[in-house]
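Undergrad: Residue strings, one per chain:
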Amino acid sequence: MRTSPVAGRLGVLGGLGELWVVRALVSSALISGVLAAGVLIVYNTSNVVTQNVVMIFLINLVVVVGLQTFTGNSGVVSFGHVAFMAIGAYAAAITTTSPAIKQSLIPDAPGFLLDAELSFIPALAVAVAVSAAIALPVGFVFARLSGAAAAIATLAWLVIVRTVIANWDRVTAGTLTFYGIPSFTTLGWALGLAIVAITVARLFRESGLGLSLRATSNDALVARAVGVSITSARLVAWVLSAAMAGLGGALYAHFILAVAPTAFYFELTFVILVMLIVGGRSVSAAVLGAAVISVISELLRRTESATGRFGTSTLVLALIFMIMMIVRPEGLLGRWELEELGVRGWRRFRSRRGKPRTATTPADEAAAAAPHETSGGSS
Amino acid sequence: MIELLAYSGTEAAQQVVNALSLGSVYALLALGVATVFSILGLINFAHGELVTIAGFVMLALRTEDVPWVFVVPAAVVGAGLAAVAMERVAFRPVRGAPVITLLLTSLGLSLVIQNLLLIFVGARGKDLRVGEWSNSTFEISGVIVKWFDVATVITTFLVLFLLTTFLRVSVRGLALRAAAEDFTMTRMMGIRADAVIRGAFLVSGLLAGIAAFFFLGTLGQVGYDYGFTPLLKGFIAAVIGGLGSLSGAVVGGFLLAALEIFFQVTLPAENTPFTAAIVFAIVVAILLVRPEGLLGRGVGFERV
Amino acid sequence: MILDRLRGNGFRRSTHGERAEAPIADALLATRRLGARYGSSVVLHDVDVHVRAGEIVALLGANGAGKTTFLNSVMGLVTLTGGHVFYDGREITRMQAEERVNAGISISPEGRHVFGKLTVEENLRLGAGLKHQREFAENRDYVYELFPKLRQLRDTRGAMLSGGEQQQLAVGRALMCKPRVLLLDEPSLGLAPKIVARIFELIAHLRDDGVTVLLVEQNVRLALDIADRGYVLDTGRIDLEGSARELRESASVEEAYLGLVAQA
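Note that the protein sequences, when read in sequence, are chains A, B and C.
Mapping of the first sequence onto my numbering: position 115 corresponds to residue 115, and the numbering continues sequentially without gaps.
Mapping of the second sequence onto my numbering: position 4 corresponds to residue 1004, and the numbering continues sequentially without gaps.
Mapping of the third sequence onto my numbering: position 216 corresponds to residue 2216, and the numbering continues sequentially without gaps.
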């Protein structure tokens, strides 16, 4: 790994000094505003079943935004993201559940775990801390991998974590369901933490590290030429994303009130992956993708129960996924954030009206030229 | 370790026999995965479903009391055709896309097939009895050997011999080898890209079908999600041996079997479930340290 | 200014207006207003080249001028932005690359690209494609006559050959399908002068055997020595065209213009 300080690079690549912070915050506010409005309207006008769907959507959203932080910026697909969700979920669950229940579930656990009965905020902190702490050494290992190698390695990570959880009976109750988790997750918490996640992800994306990741996500040679250390940038993204996944896991645990290893395995991994990839690569895309897939999933689930043909929902989701890969592999929003689309639309509108184009930087022009690139396939 | 020392020669020989038979199946699976990877750079997540499809073909035919002599070739051919269909329907539209898109497409395909099977065949595994002859055994100096396992090993080596001959002697085989090395130049020989890719998928399907007979036959069952384990074993073995190298795939298969049996034998009983985790950790280590595989002949992956 | 002096020497500078209708009738291979791109950068503009049967035509130009891209476009490996490719009286602009090979256009690419893991004999066997296996023995013997060294090395793997041997193999392999047009991309690159001389002898010999050759070369002198006609490509456009003698006679100016040093 390069030893040059990242901070020095931040100055060069951070764009116009502190302006990026403002931009990120404004963008997050925009996305969060839309999100909050939508969520509150739906939540307050529907029955319990739909309210549950909204809650699950928000919890998944935190996880998807976490995945975006790593995969969306670096271009490296990680199959192991949900493993950190599991870690966060179990870490929080074990430390908040009443000692009485733990006596029957995990009687042989170490004393400090048995006695622990944290309230929500400390538990969230624990979840984030444990996930991040585990992510750091693991990230050292994975940060260098790309493409298919990273896919396999992160898949391996998913299996390893699941195997450990499923067999570490002393602490996790193994394959048995760990139940009795106190109900802490409210709409306020879920929405609030989703907004926090969006803001963090957005800030990272605009930061020097985020920029360098994005600029070099497709071209390792460019990276080396510019002198950017991809590995350290990726490591930061990896740890951040794991922290968010852990947070999501904690939210999950305190909403469903029970966890088991099967909840955090391939099925959920696929759902989260679809949400991000269908949406695109940006934070707005992650939010959009999560929303779209949540709606579709729920509709499919109702059809499934009605017709009794189980498997239909995953089938249709997988079909949608495959079609997206053919038709629009970069996702619905591609790499654009909401406000970037707005700006581009405004510029095109102005130039069509014949007004002199405002001076654009080469970066802007490249951005403007982007939609003309054909997607997928090269000869 | 004490347990290891307590093992007598017979018991060791027994484990060697087990490893040979298990390794044969893994080698076939790994070869199937490696064939497609070597030409397209694609790890086909739906390879496991080829095994399942072959299994269901066997099931369907056996329900009609078709004798095994016809069932097995039918299943093998069926898997081959399914593989070619996969290529045409799912992978051709995304040809040329970055590797990760291909990977994700194959993941989607795997789930589509699984869920189709789930919807139409149901969730529970169905019995697939190979017949009494498969369970019969014979004994050599204290070691008990199943005839089925003998058949597995012999068939595998026969298949390997045929495949090697095909690759070495026939023009199409040559074309496959060349395409794995330099796809564009192979086209410049006037050999159609489509044909080469189709050929690779066909071979991988046939291999999956053969593996399916021995794998599912030992299991005695087939279900909609039974393709997952063969897939994992196949691509772990292929990675160990060096993805992209066919000989590596075979070696990887036997190595994986040896590793699994070794852990099964040496780890205390309560830790054996961790075998999977350990094996995966080894895979990651290989990816980092020697991505071209233990034999050093694989193509390996790009690293940052 | 340089161009004026060149023009004064009596050969044409390619311009749209002056250009006669490309004589498609007697050109075996021709391109008309060919444009090509890699990704978003356009690499070839409006390229008109024609090669008559039995000719050796040289395509010259500095590094990066687009010579290899041009050959790859003729083979059908590059995305076109416009223009046409004609072969044997038909338009092949939309034809798949493999079909073009089967129709009789063969290439020995820059960098040789022999199949390293296959033996010389296997490389040649592949060169015959699926269509020419019947005449394989005959064609292979012809190639071994042209390149006796290859016969000695027939069971050696491609990766084990020296640069010169690989170049011979690349050309030999390209000949295995009995092409009517042979595209040669930088056959002299990185090779010792003695071997280069031998290869160029062979190229001339090929013409006698009825093979039409389009030769891309950085070694101007060698190329113009055996070529009948030539083109000079400069940043994706045809800049000069004329007979080999015309181009050769301005060789000293050309070398300055192209920034090349004459090779011994």
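Simulated from the structure, these hints should not be mistaken for lab results.
Using N, Cα and C, we set each Cβ at its ideal position, and we do this for glycine too.
A few of these clues could be false.
[Stated by the list, open to error] Computed beta-carbon distance windows for the label pairs:
{"#": "1", "chain 1": "A", "residue 1": "PRO122", "chain 2": "B", "residue 2": "GLY1009", "range": "53 to 63 angstroms"}
{"#": "2", "chain 1": "C", "residue 1": "TYR2038", "chain 2": "B", "residue 2": "PHE1157", "range": "43 to 53 angstroms"}
{"#": "3", "chain 1": "A", "residue 1": "ARG352", "chain 2": "C", "residue 2": "SER2041", "range": "23 to 33 angstroms"}
{"#": "4", "chain 1": "A", "residue 1": "TRP168", "chain 2": "C", "residue 2": "SER2041", "range": "53 to 63 angstroms"}
Undergrad: Per the hint of 23 to 33 angstroms, is the separation of the Cβ atoms of ARG352(A) and SER2041(C) within bounds?
TA: holds, 26 angstroms
Undergrad: Hint says 43 to 53 angstroms; check whether the CB-CB distance for TYR2038(C) and PHE1157(B) agrees.
TA: Holds - the Cβ-Cβ distance for TYR2038(C) and PHE1157(B), about 47 angstroms, lies within 43 to 53 angstroms.
Undergrad: Does 53 to 63 angstroms hold as the CB distance between TRP168(A) and SER2041(C), or does it fail?
TA: Given a distance of about 55 angstroms, which is inside 53 to 63 angstroms, the answer is holds.
Undergrad: Do PRO122(A) and GLY1009(B) keep their Cβ atoms within the hinted range of 53 to 63 angstroms?
TA: At 59 angstroms between Cβs, range holds.
In the structure shown, no violation is registered for any of the earlier numbered hints.
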